[in-house]
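Engineer: Read off the chains here:
Number of protein chains: 2
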Amino acid sequence: MRGAFYLGNKSFRVDDSPPLPPKTGEVRINIAYGGICGTDVHIYMGHMDHRIKMPQVIGHEMSGTVAEVGEGVTEFKAGDKVIVRPLIPCGRCPACEAGHYTVCHQINVLGVDTPGCFQGSWTVPAETLHRLPDDIDLKLAAVIEPAAVGAHALRIGQVTGEDYVVVIGAGPIGIMVALESKLKGARVLISEINPFRINIAQEFGMEVVNPKETDLPAYVSEKTGGAGADVVFEVTGLAPGAEMMTRPARSRGRIVIVGIFAEPAPVDLGRIMWRELQVRGVRLYDAVDFETAIPLVAAKAVPWERLISDVRPLERTQETFEEIERGANFMKVLLDCSD
Amino acid sequence: MRGAFYLGNKSFRVDDSPPLPPKTGEVRINIAYGGICGTDVHIYMGHMDHRIKMPQVIGHEMSGTVAEVGEGVTEFKAGDKVIVRPLIPCGRCPACEAGHYTVCHQINVLGVDTPGCFQGSWTVPAETLHRLPDDIDLKLAAVIEPAAVGAHALRIGQVTGEDYVVVIGAGPIGIMVALESKLKGARVLISEINPFRINIAQEFGMEVVNPKETDLPAYVSEKTGGAGADVVFEVTGLAPGAEMMTRPARSRGRIVIVGIFAEPAPVDLGRIMWRELQVRGVRLYDAVDFETAIPLVAAKAVPWERLISDVRPLERTQETFEEIERGANFMKVLLDCSD
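Residue numbers (our numbering), protein chains in the order written: chain A, 1 to 339; chain B, 1 to 339.
Possibly wrong hints are sitting among the right ones.
Which copy? The list can't say, so a pair holds if one copy fits it or any two copies do.
With a Cα cut of at most 20 angstroms, we get these calculated SDA-like pairs of lysine to any residue [what the hints assert, rightly or not]:
no., residue 1, residue 2
1, K23, H47
2, K23, V311
3, K10, G46
4, K77, E263
5, K23, Q202
6, K139, T292
7, K139, R247
8, K23, T123
9, K223, H105
10, K10, V333
11, K223, C96
12, K223, R92
13, K77, P313
14, K23, Y101
15, K77, G25
16, K223, E97
17, K77, K184
18, K300, Y219
19, K10, R131
20, K10, A67
Since the hints were made in silico from the structure, they are not lab data.
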């Protein structure tokens with residue numbers, strides 16, 4: 001079987017990657033599709049070289065089928081369709097002791113800290129697996145992981161069907177947050193400036209405002225009888241998003257930080273105080289978030305396939321990352337790992 | 001009776017201020033002491049001239065005795081010791097409709113938007129009054145208002161006796177937050193750089209660290225077994241406090257913004273996301289916060305008199321504000337309004 005090995009210096013080599021027989025408590029999966037995540041792009045750019053043991057197969061968004069199970073594994077059998085929750089918390093740090101596994105101080109993220117899923121065969125601990133319905137389309141199943149990120153953000157943000165939700169940034173995660181909020185019954189407004197992303201959001205039937213053309217806070221105020229948004233999701237990780245996020249929120253409204261900020265950004269703490277706003281950071285997901293996301297995707301609650309910009313063979317890994325680096329208009333690209 | 005009228009341009013005039021007979025639902029109070037608050041200093045500096053109808057008596061921290069009651073007022077009688085919660089929410093805006101009166105969009109703050117307490121006699125709606133115990137020292141009672149600010153911050157920050165609390169900034173409000181957290185049984189660490197404030201905090205038996213001399217996050221980590229603080233209160237309103245506040249907090253820890261930020265400050269949103277931190281803004285107080293603060297002060301739970309740097313006649317209003325502007329080492333100065 002083949003695997004895409006990250007070599008450092010913005011380069012991959014696709015090479016033989018022999019299947020690893022599962023040890024006790026492990027499962028070997030035949031990977032169907034691997035999705036390219038922003039984290040993978042950060043790895044490609046060299047931002048995370050201190051965590052990678054090169055050459056290393058990366059990737060952590062996937063779908064697949066159980067090939068064989070190790071000793072002691074009774075919950076899964078060959079042929080089961082599965083997805084991996086690619087986290088192994090340490091279980092011993094103060095965050096784990098408090099039950100906050102997603103913010104474990106020494107978390108092992110599969111595909112970052114250890115080998116990942118951009119290969120034909122992947123061997124992982126059984127406790128990281130979630131079972132999928134037998135009839136699920138494995139292409140769609142590859143978007144469950146980002147849907148679980150969205151489910152986690154909605155859970156921490158306590159989104160309900162009564163809420164008016166603003167989502168700043170309609171990349172793959174932002175659009176997941178928006179779609180899942182709408183599926184909960186919330187009124188949802190997306191703030192986005194990129195025409196490609198605006199178009200996709202509108203294809204999903206979402207309301208989109210370009211904040212360079214429309215006064216977003218005034219628009220939200222008008223739509224909410226002067227109250228403001230119940231929940232604002234910041235999903236850009238950029239300073240203009242941080243500047244905007246406090247402005248449309250209602251008194252005691254919730255702001256959820258989903259975007260990854262590489263550096264401190266100016267925030268209007270005066271307004272946070274003045275309106276008693278609540279800000280919550282969210283990271284990764286818990287098992288329950290996968291259990292929320294799986295039926296949403298399996299039931300085709302929305303046409304998830306619109307999020308998949310292309311499906312490519314593993315051999316095209318290098319050129320795909322280069323295209324992404326050049327700013328190609330992709331939402332989600334899947335690598336076909338099954339060859 | 002006399003009153004201290006703000007004239008604009010950093011000047012006060014102490015002049016006759018005739019008592020206003022209480023109308024229906026109102027109470028006239030003989031003011032004992034008025035405390036000078038940071039907001040009063042902002043008014044003196046001209047920052048709030050758009051809200052003041054000059055010449056206007058200002059001031060909203062006080063203690064006093066009921067002089068007479070208007071028609072329909074049955075809960076109070078002449079001679080009752082009282083304190084005013086100087087807020088009249090509009091009752092109609094979206095924040096009020098949601099029950100969030102402290103963040104009313106058109107709140108009337110007595111002493112800012114309408115005449116205040118730096119005068120011998122003050123007539124206010126009965127619903128703004130809280131009754132005090134008959135034997136309370138009216139000098140101490142004048143610090144109940146800032147204690148209610150602290151009580152509100154603790155309530156929103158959900159401080160418990162199990163918590164490790166860091167308070168950044170030991171001005172009058174910061175020290176209230178620290179003292180009240182300690183009274184709840186929490187372990188409390190104050191971060192402060194001003195020697196005068198460090199000294200007062202230590203006189204109260206509080207642990208203080210100067211972050212210019214000690215690595216505060218490392219110190220907190222060591223004291224909490226690597227976990228970090230459960231709650232961090234930012235009470236400076238300044239950029240170094242905003243920079244510090246995210247660093248000592250534990251995973252999913254609470255950061256409470258109490259300080260008034262005049263402009264946006266850089267915040268490490270990456271860490272807020274990485275540790276799933278919670279940030280809450282707090283403003284003013286509700287009635288319940290006064291009911292929490294009154295017994296703490298009445299019972300002399302700590303030697304509150306240490307917070308009172310001086311008691312001065314109303315005639316010295318002008319020179320006192322000038323001293324504060326020059327950076328005088330005051331914690332709380334009371335104006336004796338009873339002459």
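Engineer: At most 20 angstroms between C-alpha atoms: does K77 with K184 qualify within a copy, between copies, both, or neither?
Structural biologist: The answer is neither: 34 angstroms in one copy and 54 angstroms across copies each exceed 20 angstroms.
Engineer: Should K23 paired with T123 be assigned to within, between, both, or neither, using CA atoms and 20 angstroms as the limit?
Structural biologist: within (9 angstroms within a copy, 80 angstroms between copies)
Engineer: Indicate which option fits the pair K223, E97 if close means a Cα-Cα distance not exceeding 20 angstroms: within, between, both or neither.
Structural biologist: For K223 and E97, the Cα distance is within 20 angstroms only across copies (17 angstroms; inside one copy 43 angstroms).
Engineer: My question is about K23 and H47: at a cut-off of 20 angstroms on alpha-carbon distance, are they close within one copy, between copies, both, or neither?
Structural biologist: neither (32 angstroms within a copy, 69 angstroms between copies)
Engineer: One pair to classify: K77 and G25, alpha carbons no more than 20 angstroms apart. Within, between, both, or neither?
Structural biologist: Within one copy only: 12 angstroms inside, 76 angstroms across.
Engineer: If the cutoff is 20 angstroms on CA atoms, where do K223 and R92 land: within, between, both or neither? Let me know, please.
Structural biologist: Classified as between; 18 angstroms across copies, 47 angstroms inside a copy.
Engineer: Should K77 paired with P313 be assigned to within, between, both, or neither, using CA atoms and 20 angstroms as the limit?
Structural biologist: neither (27 angstroms within a copy, 85 angstroms between copies)
Engineer: Indicate which option fits the pair K223, H105 if close means a Cα-Cα distance not exceeding 20 angstroms: within, between, both or neither.
Structural biologist: between (42 angstroms within a copy, 17 angstroms between copies)
Engineer: Using 20 angstroms as the alpha carbon limit, work out where K23 and V311 are close: within a copy, between copies, both or neither.
Structural biologist: Answer is neither; intra-copy 32 angstroms and inter-copy 77 angstroms both fail.
Engineer: Up to 20 angstroms between alpha-carbons, please classify K139 paired with R247: within, between, both or neither.
Structural biologist: Neither: 38 angstroms inside a chain and 41 angstroms across chains, both beyond 20 angstroms.
Engineer: Quick one: K23 to Y101, C-alpha cut-off 20 angstroms, is that within a copy, between copies, both, or neither?
Structural biologist: Close neither inside one copy (24 angstroms) nor across copies (60 angstroms); limit 20 angstroms.
Engineer: Checking an output row: K10 and A67, CA cutoff 20 angstroms. Within, between, both or neither?
Structural biologist: neither (32 angstroms within a copy, 80 angstroms between copies)
Consistency note: the structure conflicts with the earlier hints numbered 1, 2, 4, 5, 7, 13, 14, 17, 18, 19, 20.
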